[in-house]
Amino acid sequence: MAEKERKRVALVASKGTLDMAYALLIIASTAASMGWEVGIFFTFYGFDIVNKRKVHRLKVASLANPAAPLPVPNILGVIPGMTAVATWMMRRMMKKQNMPTVPELLDLCRKWGVRLFACSTTMGMMSIKDEDLVEGTECAGAAAFLEYASKAQVTLFI
Amino acid sequence: METIKADRVVDTRGLLCPMPVVKAKLALEEMKPGQVAKVLATDPGSRMDFPAWCNETGNKLLRAEEEGKGLYTFFIQKAREV
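Protein chains in written order, with my numbering: chain A, 1073 to 1230; chain B, 2 to 83.
It should be emphasised that the hints constitute simulated quantities derived from the structure, not laboratory data.
Check the hints yourself; a few may be wrong.
[What the hints assert, rightly or not] Once the Cα atoms are required to be at most 25 Å apart in a straight line, the calculated BS3-like pairs of lysine-lysine come out as:
id : chain 1 : residue 1 : chain 2 : residue 2
1  : B       : 61        : B       : 6
2  : A       : 1183      : B       : 24
3  : A       : 1183      : B       : 39
[Claimed, not checked] Output of the computed footprint for chain A on chain B, the stretches with three or more beta carbons under 8 Å from beta carbons of chain A:
id : region
4  : 10-18
5  : 54-60
All values derive from a computational prediction rather than experimental measurement.
Yeah, the Cβ is synthetic: ideal placement off N, Cα and C, and Gly gets one too.
Construct the entire structure; sequences and hints are all you get.
Structure representation (structure tokens):
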């Protein structure tokens, strides 16, 4: 497809949980596989998805998450260790279905040219260093992202 | 129905979205324009995904078949540019 005809999707990643990382990266990788331009603006907890030290250790919330994959009443989600159990169960479900891991999906997105924008405010607020982030992440503010998103046919906040 | 000769078979059986289209894309990247990939899938979402994906990428969906027991076969011809 010619460059001018390429569609664009602009995503905002605001959550740093394993389930939200999958939701984000499945959409991003699919759009990239179709030849679309994809840009993701990482903000607040979404930063963990492009944090080299954290992307391998994303978790599923057991507390205040009635849909968490736990075999016990939701109120027991407050017990220490339940987040680890919920996370372990979701990882096991994903592995059973031969789903790639979050870092694998992220690598695929990068290979296909998905642009990763790092919210400069979050970086300052949470003292995130450039070296914490996966290679190729671009520091940007809201104005830059809005300008990018204004040319997108699809914009989603995840 | 006449048989379509496939240059490559892409087996995505047992894989869920987005892997069928991801595997198809990775295979087509290594193929020449005009060549045909035969994609096997069991993800029920692939029934709607591959027509949409081909529509977006410009690759041609020559045929979509559905066998019993949830096996879907797609013949996709690589476009001039992917």
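Hint by hint, here is what the structure shows:
1. Distance hint between residue 61 (chain B) and residue 6 (chain B) is fulfilled; the C-alpha atoms sit about 14 Å from each other, no more than 25 Å.
2. Simply put, residue 1183 (chain A) and residue 24 (chain B) have alpha-carbon atoms about 14 Å apart, close enough for the 25 Å limit, and the pair holds.
3. Between residue 1183 (chain A) and residue 39 (chain B) the CA atoms are separated by roughly 24 Å; this keeps the pair inside 25 Å, and the hint holds.
4. Using a Cβ-Cβ cut-off of 8 Å, 4 residues of the region 10-18 of chain B lie near chain A, which meets the minimum of three, so the contact claim holds.
5. With a cut-off of 8 Å between beta carbons, the region 54-60 of chain B has 4 residues touching chain A; three or more are needed, and the interface restraint holds.
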